[in-house]
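According to my numbering, numbering within the sequence shown proceeds without interruption in unit steps and concludes at 166.
I should point out that these hints are in silico values taken from the structure, not numbers from a laboratory. Remember, it's a predicted structure, so these values are computed and weren't measured experimentally. There may be inaccurate statements among the hints.
Claimed, not checked - Here are the in silico distance ranges between beta carbons for each label pair:
id, residue 1, residue 2, range
1, 120, 144, 34 to 42 Å
2, 124, 70, 18 to 26 Å
3, 139, 85, 32 to 40 Å
Stated by the list, open to error - Calculated cross-link-like contacts (lysine-lysine; reagent style DSSO-like; alpha-carbon spacing at most 30 Å):
id, residue 1, residue 2
4, 147, 102
5, 102, 140
6, 143, 102
Each residue gets a CB set at the ideal place from its N, CA and C atoms; glycine is no exception.
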Amino acid sequence: GKSLDTFCPMGPVLVTADEIPDPQTLNITLRVNGETRQSSHTSKMIFPVDECIAVLSQGFTLLPGDVIATGTPEGVGAALGKFLKKGDKLEAEVERIGVLANRVVAAG
59 GKSLDTFCPM
69 GPVLVTADEI
79 PDPQTLNITL
89 RVNGETRQSS
99 HTSKMIFPVD
109 ECIAVLSQGF
119 TLLPGDVIAT
129 GTPEGVGAAL
139 GKFLKKGDKL
149 EAEVERIGVL
159 ANRVVAAG
């Protein structure tokens with residue numbers, strides 16, 4: 059998961075709500091070594107962003123700058139038997155935000 063040390067990279071930029079008024083209108087893509095592994099749209103999220111915020115704020119205080127990780131679309135590597143390995147290049151793209159590129163490296 060997203061909570062392990064060195065995991066959950068974010069970027070390439072952070073945007074505010076006024077920059078993307080409707081977060082349910084964005085294409086999302088993940089490529090591994092140039093191969094598209096996930097391609098979906100935020101309108102297909104099980105729980106829309108506004109609902110996530112409403113439910114979470116009932117249990118704890120959300121502050122400016124807090125980040126809510128919402129999950130991933132279908133096509134997770136484990137379900138397909140395709141696991142990441144050292145040297146793989148990942149490119150996560152969200153429409154109107156940009157592309158975040160990372161390489162898998164060995165721990166240590």
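Structure-based check of each hint:
1. The hint said 34 to 42 Å for the Cβ distance between residue 120 and residue 144, and at roughly 37 Å that hint holds.
2. Taken as a hint, the range 18 to 26 Å holds for the pair residue 124 and residue 70, whose Cβ atoms sit roughly 20 Å apart.
3. For residue 139 paired with residue 85, a C-beta distance near 26 Å fails the hint of 32 to 40 Å.
4. Between residue 147 and residue 102 the CA atoms are separated by roughly 26 Å; this keeps the pair inside 30 Å, and the hint holds.
5. Of the supplied pair hints, the one linking residue 102 and residue 140 holds, its CA atoms being roughly 23 Å apart against a limit of 30 Å.
6. Distance hint between residue 143 and residue 102 is fulfilled; the C-alpha atoms sit about 29 Å from each other, no more than 30 Å.
In this structure, only the earlier hint numbered 3 is contradicted, and the remaining ones agree with it.
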